[in-house]
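Let chain A serve as the given structure and place chains B and C on it in line with the hints.
Just so you know, the sequences run in chain order A, B and C.
Mapping of the first sequence onto my numbering: residues 1 to 256, in sequence order.
Mapping of the second sequence onto my numbering: residues 1 to 315, in sequence order.
Mapping of the third sequence onto my numbering: residues 1 to 560, in sequence order.
Treat the hints with caution; some may be incorrect.
Only pairs whose alpha carbons sit at most 25 angstroms apart, straight line, appear in this in silico DSS-like list of lysine-lysine [to be verified]:
| hint | chain 1 | residue 1 | chain 2 | residue 2 |
| --- | --- | --- | --- | --- |
| 1 | B | K311 | A | K234 |
| 2 | C | K241 | A | K22 |
| 3 | B | K123 | B | K76 |
| 4 | B | K138 | B | K76 |
| 5 | B | K281 | A | K234 |
| 6 | A | K235 | B | K253 |
| 7 | C | K481 | B | K248 |
I should point out that these hints are in silico values taken from the structure, not numbers from a laboratory.
Keep in mind it's a predicted model, so treat the numbers as computed, not measured.
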Amino acid sequence: MKIAVCVKHVPEGHGRIDPDSKRLDRSGEGALNHFDANAVEEALRLKGDGDGEVVVLSMGPEKAADSLRKALAMGADRAVLVCDEAAAGSDLVATSKVLAGALAREEADLVLFGQQAEDADGAVLWAAVAERLRRPVVSQAAEVTVSGDTVRVKRQTEFGYDVIETSLPAVVAVSDAINEPRYPSLKGIMGAKKKPFDTLTVSDTGVAASEVGEAGSKTEVRALGAPPSRGDAKKIEGDANAAQAIVDFLAEKRLL
Amino acid sequence: MILVFLEHHDGEIEKGSLGVLAKGASLGDADAVLVGGGVSSLAAKAGSYGAKRVHVADDPSLEPPLPQPRVDVLAKIVEEGGYDTVLFANSVLAADVAAGLAARLDAGLNWDLVDLTGEFVGKRPALGDSILVDVGWKTTPRLALFRAGSFDAAPAGGGPPEVLSAAVQLQEHSQAARIVDQQLEEASGPSIEDADVIVAGGRGLGAPESFTLAEELARALGGAVGATRAVVDAGWYPYSAQIGQTGKTVSPKLYVALGISGAIQHKVGMQSSNVIVAINKDPNAPIFEFADLGVVGDVHEVVPKLTELVKQRRA
Amino acid sequence: MTRASDYPPPFAASEFVGEPSDPADERIEVGVLIVGAGPAGLACAIRLGQLLAEQPAVAERMGDVPIAVLEKGKQPGSHLLSGAVVNPRALRKLGYRIEDLPTYGPVHQEAVYVMTRRNALRIPPPPTMRNHGNFVFALSRLGRRLAEDAEERGVTILPETVGEKLLVQHGRVVGVRTGDKGRARDGEPLGNYEPGSDIVAKVIVLAEGTQGHLTGVALDHFGLRGDEPQVWELGVKEVWKVPRPLRGVVHTMGWPLRTAAKYREFGGSFIYPMGDDMLTIGMVVGLDYRDVELSAHDLLQELKTHPRIRRMLEGGERVAWGAKTIPSGGWNSLPARLHAPGLLLCGDGVGLVNIARLKGVHYAIESGRIAAESAWASLQRGATPGSALSAYDDEVRSGFIGRDLYEVRDMRQVFGRGFFVGGALASAMTVSKGRLAVGKLRAEPDAEQPLLRSGRADRYPGPDGMLTFDKLSSVFLSGNKTRDDQPNHIRIERRVPREVAELWVNMCPAQVYELGPEGGDGTVTVHLAPSNCVQCGAITAKGGRLTPPEGGSGPEYTLT
Numbered sequence: 001m002k003i004a005v006c007v008k009h010v011p012e013g014h015g016r017i018d019p020d021s022k023r024l025d026r027s028g029e030g031a032l033n034h035f036d037a038n039a040v041e042e043a044l045r046l047k048g049d050g051d052g053e054v055v056v057l058s059m060g061p062e063k064a065a066d067s068l069r070k071a072l073a074m075g076a077d078r079a080v081l082v083c084d085e086a087a088a089g090s091d092l093v094a095t096s097k098v099l100a101g102a103l104a105r106e107e108a109d110l111v112l113f114g115q116q117a118e119d120a121d122g123a124v125l126w127a128a129v130a131e132r133l134r135r136p137v138v139s140q141a142a143e144v145t146v147s148g149d150t151v152r153v154k155r156q157t158e159f160g161y162d163v164i165e166t167s168l169p170a171v172v173a174v175s176d177a178i179n180e181p182r183y184p185s186l187k188g189i190m191g192a193k194k195k196p197f198d199t200l201t202v203s204d205t206g207v208a209a210s211e212v213g214e215a216g217s218k219t220e221v222r223a224l225g226a227p228p229s230r231g232d233a234k235k236i237e238g239d240a241n242a243a244q245a246i247v248d249f250l251a252e253k254r255l256l
Numbered sequence: 001m002i003l004v005f006l007e008h009h010d011g012e013i014e015k016g017s018l019g020v021l022a023k024g025a026s027l028g029d030a031d032a033v034l035v036g037g038g039v040s041s042l043a044a045k046a047g048s049y050g051a052k053r054v055h056v057a058d059d060p061s062l063e064p065p066l067p068q069p070r071v072d073v074l075a076k077i078v079e080e081g082g083y084d085t086v087l088f089a090n091s092v093l094a095a096d097v098a099a100g101l102a103a104r105l106d107a108g109l110n111w112d113l114v115d116l117t118g119e120f121v122g123k124r125p126a127l128g129d130s131i132l133v134d135v136g137w138k139t140t141p142r143l144a145l146f147r148a149g150s151f152d153a154a155p156a157g158g159g160p161p162e163v164l165s166a167a168v169q170l171q172e173h174s175q176a177a178r179i180v181d182q183q184l185e186e187a188s189g190p191s192i193e194d195a196d197v198i199v200a201g202g203r204g205l206g207a208p209e210s211f212t213l214a215e216e217l218a219r220a221l222g223g224a225v226g227a228t229r230a231v232v233d234a235g236w237y238p239y240s241a242q243i244g245q246t247g248k249t250v251s252p253k254l255y256v257a258l259g260i261s262g263a264i265q266h267k268v269g270m271q272s273s274n275v276i277v278a279i280n281k282d283p284n285a286p287i288f289e290f291a292d293l294g295v296v297g298d299v300h301e302v303v304p305k306l307t308e309l310v311k312q313r314r315a
Numbered sequence: 001m002t003r004a005s006d007y008p009p010p011f012a013a014s015e016f017v018g019e020p021s022d023p024a025d026e027r028i029e030v031g032v033l034i035v036g037a038g039p040a041g042l043a044c045a046i047r048l049g050q051l052l053a054e055q056p057a058v059a060e061r062m063g064d065v066p067i068a069v070l071e072k073g074k075q076p077g078s079h080l081l082s083g084a085v086v087n088p089r090a091l092r093k094l095g096y097r098i099e100d101l102p103t104y105g106p107v108h109q110e111a112v113y114v115m116t117r118r119n120a121l122r123i124p125p126p127p128t129m130r131n132h133g134n135f136v137f138a139l140s141r142l143g144r145r146l147a148e149d150a151e152e153r154g155v156t157i158l159p160e161t162v163g164e165k166l167l168v169q170h171g172r173v174v175g176v177r178t179g180d181k182g183r184a185r186d187g188e189p190l191g192n193y194e195p196g197s198d199i200v201a202k203v204i205v206l207a208e209g210t211q212g213h214l215t216g217v218a219l220d221h222f223g224l225r226g227d228e229p230q231v232w233e234l235g236v237k238e239v240w241k242v243p244r245p246l247r248g249v250v251h252t253m254g255w256p257l258r259t260a261a262k263y264r265e266f267g268g269s270f271i272y273p274m275g276d277d278m279l280t281i282g283m284v285v286g287l288d289y290r291d292v293e294l295s296a297h298d299l300l301q302e303l304k305t306h307p308r309i310r311r312m313l314e315g316g317e318r319v320a321w322g323a324k325t326i327p328s329g330g331w332n333s334l335p336a337r338l339h340a341p342g343l344l345l346c347g348d349g350v351g352l353v354n355i356a357r358l359k360g361v362h363y364a365i366e367s368g369r370i371a372a373e374s375a376w377a378s379l380q381r382g383a384t385p386g387s388a389l390s391a392y393d394d395e396v397r398s399g400f401i402g403r404d405l406y407e408v409r410d411m412r413q414v415f416g417r418g419f420f421v422g423g424a425l426a427s428a429m430t431v432s433k434g435r436l437a438v439g440k441l442r443a444e445p446d447a448e449q450p451l452l453r454s455g456r457a458d459r460y461p462g463p464d465g466m467l468t469f470d471k472l473s474s475v476f477l478s479g480n481k482t483r484d485d486q487p488n489h490i491r492i493e494r495r496v497p498r499e500v501a502e503l504w505v506n507m508c509p510a511q512v513y514e515l516g517p518e519g520g521d522g523t524v525t526v527h528l529a530p531s532n533c534v535q536c537g538a539i540t541a542k543g544g545r546l547t548p549p550e551g552g553s554g555p556e557y558t559l560t
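Bound-form chain A, shown alone (with noise of 0.2 angstroms):
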C-alpha cells in the first residue's frame, strides 16, 4: 500500500506578520506542523512491516525540507518538496492545485492529512485536494484502519462519532487525538540523509504559473487592524453580590 501525506513547515515560536506582505512572516525558523506529525506517524502506524511506501510531501520555501527530514527520520520512506518562487502567496486553492498535482503522480491509495496548521493558513487543504484528485475524503479521523480495498474511519462530529466507510484510494485528515507521534531514533535521523529527497517545481505538477502565488490566488489579505475589542470590561470586588451579578451579567449575554 502506498500512502503520501501532506506536511506543512510553520513558523516557529510566536508568529509574527510581517506588515508589508500582511502575510505571516516565515522568514524564522520552523518546525514540522505537529497536526502532521500525527499523520505521519498514523501512516506509519498502518504501513507496520509491510511492503508499502509512505510518502510525504509538501509545497514550501527550501527549509520546508526540514520538517521533511523530520517525517523521513521517523520513518517515511521518501520526500518531495514543491519548492518554487511562483507559488508563495498562494490561497487554499491554489496550494490545492499544487498538492493534487503532486499527488496525482504519486498515485497513492491512501493520502493523510493532518488536521489543522499551527499558523492557521492550511485547515481544510484536505477537502480541496481530495476534489482536486476527486476521490473521497473523510476528514476528524480518530481510529483509521485499512482492509484491503476500503478503509474504515471513526470519524469525530461535534455529536459523537460517525464510522465511515469508504473504498481507496481516497484521502483522510486525522485529529490530533489518533496518536502520539514517535520521536525519531538516531539511526532515524541520521538515515533521513540518505532516503530520496525530490524537489520540484510548480510546472513539475502540471499547474501553470498563472494559476498559482499573490496572483493565481482568489482570496488576498487587504490589511491588519487591531485586536477585536473585547468591550468594557466589569469588575466587581466583594462576595456578597458577586453571585448575582455574575448571573445577570450571563442573562444578559444570553449564555444563561
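Same frame as chain A, now just chains B and C:
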C-alpha cells in the same frame, strides 16, 4: 446574491447556521440551502429566519452527514442561480463542504471569519486572536466560513419563503463514502474541545478538594471542567483537562476562571473564548486585564451561591 | 549561618558513568563525537570538516559518520545566549571573514557608566572594556549559521539529543549514551517511549557550555578539578525592537547592584545595538551574592526603570528574553587537566571566559579549533592518542586563551572586597598586565556564601506589561514549550530552611522553584515546576544540580 448553507441535526436547523443566515439577510437578499433526508419541513423555518428562497435537496441518500454530496448539490445551485457569495457556519461538516466547493468552483474561501462587511471585507482574528485581519476576495463567487457562534439568529417575521427543489446529481467520488455506524455523545458532558462552556480551576481554589466547586458549576452550566498547569502539576486534576500553551487550546462561548491568575501560558490557551468571567481573590491578578467580568472575591463564597442561582435559573 | 551548600542535592557523578549497554551491533559508531552545537562544538566540527576535506584517507578510518554533534536544544541556537560583543580573532583563524557572518556590525563607539538610581556618570572605559575591532552578534544566530556550515562539510548534527551518560571502558571514554525520550513525570515510559542509544567514537569532545552535565561528571570521575572551585555569574537579557537606534555599545556598573562588600553584588549591565531597529539589554550578577531576595530577573526589570534606559526603550517592544550562567573563576578555577583518555573539554564548560572583558565566545571557538586539531592528530596512523590529546591542554594554556586568562586572573576575586576597592585593584592589575599580584585570593564556592536578608524585594518594580514583566511572561518569550509531564531534571534537597528555599525562589529567573508547605521547624518543602526551566545553570552554582532534561525541551532562542 447571497446563498447560505444551513446545517441541521435531529430535525432542527443548527443555531450557528441561523446566525449566519441572519448575517446574510442583513447584507442583502439571502437564499438558503437545505440538504438531507426529510428536510423539506425545515424550509419554512429557514424562511422565518431570513431566507428569501430556500433550495431543498431532500433525498434519503443525502441523509448521512457527508460533505461531498453537498458539494455537488451546492455547486449546481451556485452556478445556475448566479450567486456571488456563499456563507457557512463552521462545523466539522461545513468546513469540508466549503473547501470542497471552493476547489470545485475554483473560488476563493476565507475561513475563521468573525464578521463580513457590506463591501464584502471579511474580519479574521489571527495570531491567537491578538490581531484582526481584513481579508477579501478577488473574484466571485466568494465563499465565507464563519467561526461558530459569530452571529445570533434573528427571527425575521415575513411570509413563507419560495421553496425550490434542488437537483441531485452526484459525482462518482461523492458516492464512495458510507456511514456504517453512528455513536452519539453520552450524557456525561461535553469534552473540553467541544464544550460551549468551560469552568476552569487554578491554584486559587486552595486545595484539590475544592475542585468540586468547579465541577458543580460546570454541571449546572452544562459545561466541561478545565485546569491550569499549576494544579495539574500539583496533581489536583488530570493532564487531559489542562488548558494552556502546553495543554489544550479552547474557545468556548463562556469561560469561567476560578482562582486562576491568568499567566500568559494559560491565557494563550483560552483567550479567544467569547466571554470570560474570572473570580480571584487577588485584585492584581493578570486575568482581570482580559476578563469580560472580573470578580475580586473568594471562590468558596461566590461559587456555591452562583451554582445555586444558575440551577434555579435553568430549572 | 545558613548556607545553601549545607543542603547538597541528591546527585552522584557515578550515576552518569558506565559501560556501553546496547548490544554491540546496535551501538551507533561515529568518528569524532562532539557534545554541544555551540560555538566551541561547531568550531571543532568545522575544523574537523576542513581537515577531512584535505585528507580524505583519514576519513575512511572515521566510518560512515566521521563527525557527529549532539545538541540538546530543538536545533542549534535554541540554547545559545550571550551578549555578545565578539572578538573576531578565533573566527578568522577558522577561515571566516566576519562580513560573511550574521553580525550586527563592528563596535564603533562605546561608553561605560556608573549608575545611581537617577543618574549615569560616564567614566572612561577601563582597559578591559575596550571593544574596538570587535563585532556584535546574536550568538543564537551565529550558532545556527555555523551549524549550517558544519553540515555542508559533512558533519552530522543530531538535535533534540541529550548526552546523558559518559561511556567509559578500561578507564577510557569510548562514547556517550543519549537520553531517553517519552517518559512520564514518574519515569514510566509513555506510548511513544524511545530509549537513548549508545554512541561510540574514537574521540569525544565535550562542548556543552556553562554547567555542562557530562563535563561536570568527567571532572569528578577523572579527578580533573583544580584546587580552586569554579564560580559563576547569572546573566539575564532581553532583546527589544526600538524606534530609535542605539549608537554604540554600553556597559554599566553600580545601581541597581549594591557596592558594599557585605552584599557581594558583583556585576553590571550591557546594552548592545542590534542593527538600527533592535537592541539587547542584559544584567550580569555574580552568584556569590548573599541576599536571599536577590533576583537577577527583577534586577533587570529594575534597571530598565532608570530614566536613561527607559528613554532608550520608549515606544519599543520586548521581543526576546533569556538567561544563562557564565563561569567567572578564570585562570585560577580552570581544571587541572582539560583532557582525559579519549576525551577533550572545551569552552564555557571548563571556564574559558574572561569575565573582566565579558568575553568567552572567541575562547570557545579557539578551544574547539584546537580540540579538532588534537583529535585529528590522535586519529593519524601511528599516533599515540594520549599525547595527542594532552597536546590540546598545552596549547590552550600556552596560546592566547591561556595568556589572556592569566593576565586577568584574580580580577573577579578582588571584587569580593567590594566595588571600590575591587575596582581600583582590577585597574591596577590590568595596567600591569597581570604582573601585580594581589596575593592569593581563593574563590569561594557560590553555594557556600552565608545568607542574609535586606528587604531588597520591595524595590523591584511590579510588571506593567510594557516596560517591566513578570517571570512567567519572560519564560513564555524564551520560546519554552516544554511538555509538563516530563520527568523532573532538577536535583535539589527538597526540604530546606526557609532562607535557602527563598534564595532559590528568587534566584531562578524562570520561576521553577516555589515555597511549598512549612515543616514547622523553620524548614519549607520546595515545590518545582521543571517545565519552566530555561537551563541557565544557576541552581548548580547555588546548591542544587541541573541535569539535562529530555532532548528538545527548554528554550527556543532565536535572537539571544
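**Request:** Determine which of the earlier numbered hints do not hold for this structure and return their numbers in increasing order.
**Result:** 3
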